[in-house]
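S.K.: Below are the chains, spelled out letter by letter.
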Amino acid sequence: MKITNEMRLEFLSKSQNEAFARVVVAAFAAQLDPTLEEIADIKTAVSEAVTNAIIHAYDQNPGYVEIIGQLFDNGIIVQVIDRGKGIKDVKEAMQPLYTSKPELERSGMGFTVMETFMDEIEVISSLGEGTKVTMVKYIKNSNRTEKPR
Amino acid sequence: MLDIISHRQGDTLIVSIKGELDHHTAEIARDRLDSLLEDKSLKNMVVDLSHLKFMDSSGIGVFIGRYKKLSERMGKLGAYGLNNHIRKIWEISGLHRIIDIYDNLEESLNGIQEV
Ligand SMILES: Nc1ncnc2c1ncn2[C@@H]1O[C@H](COP(=O)(O)OP(=O)(O)O)[C@@H](O)[C@H]1O
Ligand SMILES: [Mg+2]
Chain A
11 MKITNEMRLE
21 FLSKSQNEAF
31 ARVVVAAFAA
41 QLDPTLEEIA
51 DIKTAVSEAV
61 TNAIIHAYDQ
71 NPGYVEIIGQ
81 LFDNGIIVQV
91 IDRGKGIKDV
101 KEAMQPLYTS
111 KPELERSGMG
121 FTVMETFMDE
131 IEVISSLGEG
141 TKVTMVKYIK
151 NSNRTEKPR
Chain B
2 MLDIISHRQG
12 DTLIVSIKGE
22 LDHHTAEIAR
32 DRLDSLLEDK
42 SLKNMVVDLS
52 HLKFMDSSGI
62 GVFIGRYKKL
72 SERMGKLGAY
82 GLNNHIRKIW
92 EISGLHRIID
102 IYDNLEESLN
112 GIQEV
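Protein sequence lines, in the order shown, are assigned to chains A and B.
For the first sequence, my numbering assigns the number 11 to the initial residue and increments by one for each residue that follows.
For the second sequence, my numbering assigns the number 2 to the initial residue and increments by one for each residue that follows.
Where hints are given, some of them may not hold.
[Stated by the list, open to error] Which residues of chain A face chain B? A few of them, derived with a C-beta cut under 8 angstroms, are: (1) Q26; (2) T45; (3) E47; (4) T54; (5) I65; (6) E130.
In short, the hints are calculated from the structure, not lab data.
Since the structure is predicted, the reported quantities are computational estimates derived from the model, not experimental observations.
Heads up, the beta-carbon is just placed ideally off N, CA and C, and yes, glycines get one too.
Kindly produce the complete structure, drawing on both the sequences and the hints.
M.R.: Below is the structure:
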């Protein structure tokens with residue numbers, strides 16, 4: 011796939027930034043003319059990945075969360091990157107209902123939501139170094155090439 | 002970002018949750034709902050989600066937590082006004098299996114008071 015546009019965003023791991031991050035990615039994805047449902051799917055998945063970076067990766071020491079968004083002809087790639095504590099066992103972490111913080115009323119459904127709402131997801135993590143979540147969403151009727159401005 | 006407006010009808014608390022429910026606002030929602038539920042004469046709760054524009058998995062914990070609280074006093078939790086996006090989150094998380102979803106307030110009140 012050929013990348014047609016790209017954006018990068020970096021912000022401090024504060025919960026106030028969860029809404030900011032998902033709105034920015036949604037605004038970027040809007041260039042592909044997605045449906046309202048596709049926008050809601052992207053927003054939700056980004057919110058999950060960013061929240062995880064804030065509450066799990068940087069739970070002890072705050073740090074920066076980075077988002078890279080890339081558009082291609084019929085979709086968007088979103089990478090959410092942290093340099094926090096990392097995940098010991100990614101496969102276990104991605105199981106529905108698995109959470110390491112049940113005392114905070116976490117549901118353990120974050121990764122399941124990302125998997126359901128996006129078309130592809132890949133999680134790369136190493137302990138003490140951080141985590142990168144890469145998600146792809148195909149936009150069914152993206153037609154911006156027919157509408158040059 | 003999040004607004005909670007409530008009134009009571011008999012022993013049921015009717016709560017309208019407006020705005021966006023994510024990890025940041027979940028703490029606000031949890032605190033507000035729990036302080037409202039400190040009134041032990043309240044048995045059931047109906048949440049009106051028709052003005053809830055966004056919810057992610059952080060919201061699931063908020064509803065499961067309040068459901069457990071109400072269950073302890075033999076009460077019920079019902080919901081209405083879910084848009085398609087929020088309905089999807091409820092379905093993948095299984096929330097719809099423990100919290101009854103209705104079309105409107107009247108149906109919710111009838112449903113919740115049935116034994
Ligand atoms: N960026 C991250 N850094 C470290 N741990 C993470 C990260 N993302 C997820 N995890 C781990 O994976 C688990 C499951 O994540 P998730 O499905 O979103 O559930 P929840 O956030 O409700 O715990 C978390 O409880 C945490 O242990
Ligand atoms: Mg999560």
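S.K.: Mind listing which of the numbered hints don't hold for this structure, in increasing order?
M.R.: 2, 6
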